[in-house]
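Protein chains in written order, with this note's numbering: chain A, 1 to 225; chain B, 226 to 429.
Hints in this document: simulated from the structure, not taken from any laboratory.
Please note that the accuracy of each hint is not assured.
[As the list claims (entries may be wrong)] Computed footprint of chain A on chain B; a stretch qualifies when at least three of its residues, placed anywhere within it, have a C-beta under 8 Å from a C-beta of chain A:
| hint | segment |
| --- | --- |
| 1 | 246-260 |
| 2 | 364-371 |
[As the list claims (entries may be wrong)] Some residues of chain B that are not near chain A, with every Cβ distance over 12 Å (derived):
| hint | residue |
| --- | --- |
| 3 | LEU333 |
| 4 | LEU356 |
| 5 | VAL378 |
| 6 | ALA393 |
[Stated by the list, open to error] These stretches of chain B come out as covered by chain A in the derived footprint (C-beta under 8 Å, 3 or more residues):
| hint | segment |
| --- | --- |
| 7 | 297-305 |
| 8 | 415-421 |
Since this is a predicted model, take the numbers as computed values, not measurements.
For every residue, glycine included, the Cβ atom is placed at its ideal position computed from N, Cα and C.
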Amino acid sequence: MPVRTPRRSTMGALAVGLAVLGVLILQFPGTLALSVVSAALALGVLAWADRPALAELWRPRFWALTAAVALLAGAILSPTTHYLGPLPVSVEGSSLAAVVVLRAVALLAVVTLGVRRLTEARLVALAARLGLPALGSAGYRALALLPGFVVAGRVEWGAVRGKGRLARIGEAAVALLVRATRVAEGELLDGSDEARGGPAPRDEDNGAMGGLGAARLPASSSESP
Amino acid sequence: MVALPRASDAARSFWTYAAVYGALWGALEVTLGSLLHSLRVPFLGALLAMAQGAFLIAVHTMRPKRGLVLSVSLVAALVKGLSPAGAVLPPMLAICAQGALVELFLTLPGRTVPAILAGGIAPLWAVLQSLLMQVLYFGGAALSLYGRLLQAVGRGTGLPPDRVWVTAALPIGLLFLCGAMFGLWGRRLGERALLRLEGEGPCP
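For reference, chain B alone in the conformation it holds in the complex (with noise of 0.2 Å):
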């Protein structure tokens, strides 16, 4: 194992959380991400996403330290980069990104409030970085298709057209609010592994 640089023992501390808890995220991706992944479970991203942000989350409640959660998300991505399961680069750009929200909403004040709008944020990001891809493979004709399957539902559900976008809010509100129960539940697993953690006393 390759010893990490000599540094203070804050710096030393902090990064030895980071490789430990980025390699557990990155285990969970590789082994069980990348089997859902070939079994084309349909919303993977999005449900790998809610879970990371819960996990992120529950991380910060045991370690409240700033740039944790973002430290933990990139090793886990580097993890994920050296996995020899197919495609990675989209993967690592998703638990960077959703690591990087999940820890700028885990700065605002509170407890509760962040982790909901942590929580929520992630699976959002997933579908945008969906939409980015399908972009970047298909060109603009996706957006513009995506753009006519709103309206047809809009049609279909008799919706004026100035009122479109409520069909794709809805959808979105209800990615939020799964994110969030996930956010919330994170907490509680963070809570409930520090419990334990100070039932059982410092490490032998």
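Next up, chain A with everything else stripped away, as it sits in the complex (with noise of 0.2 Å):
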């Protein structure tokens, strides 16, 4: 069976794009009749657009298990309307139940959908419709800063030592943000070399601080004058 890839036509995009916002527009009144058409409406479409999605929210225990509580919970707690032999339910509490699971259904499918097609390459290019470009690259460079940043908190939390924690997270916050910037100017400067016809960046520049540009940098702005 050939593998079904989600759909990427504009008008396509543009059939899903009302059709989730139905499924949010359906939400607020809150009846019963309404969720069901919401979460049949968010179903279809996750079926429609993008198949392996909803094999994604076929969990059945999972299902059965909270459409269980939420209903033995709305029929038991709410008022009770009427009697299950000697059990007391109440219907307006079972529909209130129903309406929260089927609202479940339905928004999670909605956020499947969107996540999945949260790619880097469609960020990109969302932001360039929006014509923003450059956030887009900016987005690309900052993720591939983002490794570096992470070590560099560790590096920069541990360099700062036998003082108060609220003292240390300040100072690390500060020898962080004295790095974020000389990073930036670092960039820059490479830029401006690359401009020149300078050298270009070179790969150990970025040594284990994944693009910090650590060779630059001492091993802790902290540890500076």
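Put the complex together from the two separate chains, hints included.
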């Protein structure tokens, strides 16, 4: 069976967007009938636009447990309207619980669809469409710097000793701000060199700090005067 | 690494700083934020909002460029959006909205008052967004539940029914105050970082 990929045409994306908007709008009245329509619409969109995402949502035990807990709680805890044998139940409570479960189904379907479509390329393309191509590129650049900053955070936190916790947080924050500023200055300098036909940044400059220009920086900027 | 498009030096400088500071905040959101979310730390949204406010105010103190605070927030939200941990859409929305509000208040004249207002408003958005999400999940019933809770607190404290709003104003005021303190702290951090940078001299 061929693997189906998410639909990518502009009209398809527009239809999906409108359907998702419809799913969200249908949540507000909070009636059972509209919640059924909303959940059906959300699942229909998922089935049409991204079948593997629908398969991800297929967790029978999870949904059965969620529905059972919500319906039982709603039926028993709300004001009694009927008796099911000796058991007092509330039609109103069960109805409210069903609305909550259906709402969870609809919203989870929408979120799953959104998350699966949120790829780097799409974000960059979206930023470009909004007239902010630099934002997409800055996002890429930030992603490349991310692992380095995670390491740098640990390094700076470890370098600040012998102080109260709050002062330590402040000291580490200042050190990270200084380090980030130096990284930006370094990148701008590299860019200027490149524009003048000078040397391009070398891989070894990135060192163990994952692109934070550790070679240009002291091991910890908090050690600086 | 993808190079920024060829642009003017000012634009290149602007987006380079936005990328680097955005990556720094994104790193914190992705690591510490995700960890604390998974530990279900109470009031985490408000706490992260205060910290984001302080961070953005520090950035603004170091680089008072119009639009930089918002751009840093957008980049951080992109980074958060591409992180593999859990639900990312609500935090992305919060990072963007809080960045926009902080940017807005930092355009006011002066130094201390904008920092107080910008810091104070950030956690209020976190609470408002949380309320909106609850309305989205559970419908208008969530709001009436909070209304009843306020009335119950009002009865418990002996407040007359027309003064019930005081019970809501108190936690909101407290949040604003905490955020304002974070805002002032952020300004102080920015000044300290700036002093250290000046002490070290230009980038070697």
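Checklist entry - Is it the case that B:VAL378 keeps its Cβ farther than 12 Å from each residue Cβ in chain A? => result Holds, because the least Cβ-Cβ distance between B:VAL378 and chain A comes to about 22 Å, which exceeds 12 Å.
Next on the checklist: Using Cβ atoms and 12 Å as the threshold, tell me whether B:LEU356 really stays out of contact range of chain A.
Outcome noted: Holds, since 14 Å exceeds 12 Å.
Checklist entry - With a cut-off of 8 Å between beta carbons, are at least three residues of the segment 297-305 of chain B near chain A? => result holds (count 5)
Item to check | Whether chain A covers the segment 364-371 of chain B (at least 3 residues having a Cβ closer than 8 Å to its Cβ atoms) | outcome: Result for this restraint: holds, n = 3.
Checklist entry - Under a C-beta cut-off of less than 8 Å, do 3 or more residues of the segment 415-421 of chain B approach chain A closely enough to confirm the stated coverage? => result This one holds; 4 residues, not fewer than the three required, reach chain A with a Cβ under 8 Å.
Item to check | Status of the stated non-contact between B:ALA393 and chain A (beta carbon gap over 12 Å) | outcome: Holds, because the least Cβ-Cβ distance between B:ALA393 and chain A comes to about 23 Å, which exceeds 12 Å.
Item to check | chain A covers the segment 246-260 of chain B, three or more CB atoms within 8 Å, holds or violated | outcome: Satisfied; 9 residues make the cut.
Item to check | Status of B:LEU333, Cβ more than 12 Å from any chain A Cβ | outcome: 23 Å, holds
Checked against the numbered hints listed earlier, the structure breaks none of them; every hint is satisfied.
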